[in-house]
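Novice: Letter by letter, the chains look like this.
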Amino acid sequence: MAQGEIIAGFLAPHPPHLVYGENPPQNEPRSQGGWEPLRWAYERARQSLEELKPDVLLVHSPHWITQVGHHFLGVPHLSGKSVDPIFPNLFRYTFELDVDVELAEACCELARKRGLTAKMMRNPKFRVDYGTITTLHMIRPQWDIPVVGISANNSPYYLTTEEGLEEMDTLGKATREAIEASGRRAVLLASNTLCHLHFHEEPDVPEDMSREHPQNYEGYKWDMRIIDLLRQGKTSEVFRLLPQFIEESFAEVKSGAFTWMFAAMGYPELPGELHGYGTVIGTGNAVMEWNLVKAGLAGGRPVGSTAPHQAA
Amino acid sequence: MTVVSAFLVPGSPLHFLRPDNPPWKPIIDGYERAARALAMSRPDAVLLYSTQWMAVLDALWQVRPHLTGLHVDENWHEFGELAFDIRVDVNLASACVEATKNAGITSKGVDYDQFPVDSGTIVACKLLDPDGRFPFVMAANNLYHDAATTTRMAEIAAGIARTQNKKVAVVGVGGLSGTVFRQGIAIEEDRIASESDDTWNRRVLGLIEKGETQQVNDISAAYAEEARVDMGFKHLAWINGAIGGRYFGARVHGYGPAYGGGAAVVEFKL
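The listed protein sequences correspond, in order, to chains A and B.
Position one of the first sequence corresponds to residue 39 (my numbering), numbered consecutively onward.
Position one of the second sequence corresponds to residue 1070 (my numbering), numbered consecutively onward.
Hint data in this document are derived by calculation from the structure and do not stem from the laboratory.
Mixed in with the good hints, there may be bad ones.
[Said to hold, decoys possible] Calculated cross-link-like contacts (lysine to any residue; reagent style SDA-like; alpha-carbon spacing at most 20 Å): (1) A:K272 x A:Y315; (2) A:K163 x B:K1236; (3) A:K157 x B:A1164; (4) B:K1177 x B:A1164; (5) B:K1236 x B:L1339; (6) B:K1279 x B:V1321; (7) B:K1177 x A:K163; (8) A:K163 x B:G1313; (9) B:K1177 x A:K272; (10) B:K1177 x A:I124; (11) B:K1170 x B:V1141; (12) A:K157 x B:N1160; (13) A:K163 x B:L1339; (14) A:K163 x B:N1160; (15) A:K157 x B:D1182; (16) B:K1236 x B:G1149.
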């Protein structure tokens, strides 16, 4: 079997407003649009994903919070209606997804070997969290690529930020090892917002964009500083600043997806491509891509081969 | 008297899902005693606040008349599912929405099919009202609300019940100390993970049992911080709001662990 590899990583935030604004058939509420620049950013990311043709998408979501270790979805097929408890007026989404259970099990086992507590989620009646669903819809609304869904263990909150992110680093390395052994071409999705300071009220018309802007100026400046560093490929500087960024802007990267993804990719000093930035209820959201194939750090799909989901 | 009974109960689903586990039996037994007490108090409705129903924008109140479904806890999925069938006193809940809005607390009613009802609400409803006799009024835990705002919400809710000539039971759903086991344990070996947490829990429960309300209020902040109490002990603030902060004592029907954290079933003497 050929060695598997990570072919790209995306910072892929999950505000349900983006799904709401798009009006897909799976989502019950109807909108008059909204958050267009961010949705267009995702369109660019979708195009890139289409060209990459991955075998699997791995997503680490802050809205599946676990106390005892890092959990992995471990049921081949999951379906249901995801209703966002914070924004039920915007997000009531009927989902169906296929899980790459074999890869998930490998990630789980290798995480354990590296000293983490890790578990498989085997209950077929489990409702997948809305963060995972939103990110997956926005990056691949066709839902035709198997996924590995990973929980956000609460270590960065229960322990110190640094201790928690160290666990996420270990998780990322275990993930990489599992992917390499699997032979799969994998795309990683860090489902994180940046500055998470937000308004505490919603406009009567949620998609009224005249009410949408950064909630906090210092938080906005932090977002720009981090994005600029990422665009320059100054990864180590970003990670040096990360605890301060988290502390001062309440950045959702604290939950670990961003660290997990970069650890899995090996912290490449690689400029990230910013597909777009926008606020959602005041929080800062960036859709960014680290395309390891274009950077020559991963191989492209051999000519004539197809990803499993493209097989007739 | 509007508030006819009041209870503090844990929201962990573990005790419900594995009632046979010896360390978890005191809580199940406690819930049984509390359920009898609640039934005997003959409320027209139950005002319930669960720390696990989290909100960030508004004060949310459940106004869907009937909630049914199956929930799998995100942490404890290996232990099974939580089926639920909960009736809501929509009249009372809707009036609470309006009244809290008028009091300057932005509020909304929630009425959606398959809204994710949290484990704490489900467990408390099932164990305190196993026969489904009573309608509930459920309020969310807005993460930005402090204890004072939570108290105020409950005060308003009890006031509205009074205007509707309804007797209510009041329930605060949440854990005690929050030091937990973060690695897998044999559940039959579950215990309070931290000795100092256990000391704190017992001290606070002892004061509550004696009706030492001022002392409990005075040490609540320190307790919440040092013992990592669930959501800063806002579920007690809810109860205090509804009962005017006055209770003559309490009966601790059960105390025990929830995967290292502290849990207790407490009935307040009003």
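Novice: Look at each hint and say if it fits the structure.
Specialist: Going through the hints against the structure:
1. A:K272 x A:Y315: 19 Å, holds
2. A:K163 x B:K1236: Distance ~38 Å between K163 (chain A) and K1236 (chain B) Cα, so the pair is violated.
3. A:K157 x B:A1164: 44 Å, violated
4. B:K1177 x B:A1164: Measuring from Cα to Cα gives roughly 11 Å; hence the hint holds.
5. B:K1236 x B:L1339: 13 Å, holds
6. B:K1279 x B:V1321: Holds. K1279 (chain B) to V1321 (chain B) sits at ~11 Å (cutoff 20 Å).
7. B:K1177 x A:K163: With a Cα-Cα distance of about 29 Å, the restraint between K1177 (chain B) and K163 (chain A) is violated, given a limit of 20 Å.
8. A:K163 x B:G1313: Measuring from Cα to Cα gives roughly 42 Å; hence the hint is violated.
9. B:K1177 x A:K272: 45 Å, violated
10. B:K1177 x A:I124: Roughly 11 Å between the alpha carbons, so the hint for K1177 (chain B) and I124 (chain A) holds.
11. B:K1170 x B:V1141: Since the Cα atoms of K1170 (chain B) and V1141 (chain B) sit roughly 33 Å apart, the hinted pair is violated (cutoff 20 Å).
12. A:K157 x B:N1160: 44 Å, violated
13. A:K163 x B:L1339: Roughly 42 Å between the alpha carbons, so the hint for K163 (chain A) and L1339 (chain B) is violated.
14. A:K163 x B:N1160: With Cα atoms ~33 Å apart, K163 (chain A) and N1160 (chain B) exceed 20 Å; violated.
15. A:K157 x B:D1182: 30 Å, violated
16. B:K1236 x B:G1149: With Cα atoms ~35 Å apart, K1236 (chain B) and G1149 (chain B) exceed 20 Å; violated.
In terms of the numbered hints stated before, the structure departs from hints 2, 3, 7, 8, 9, 11, 12, 13, 14, 15 and 16, listed from lowest to highest.
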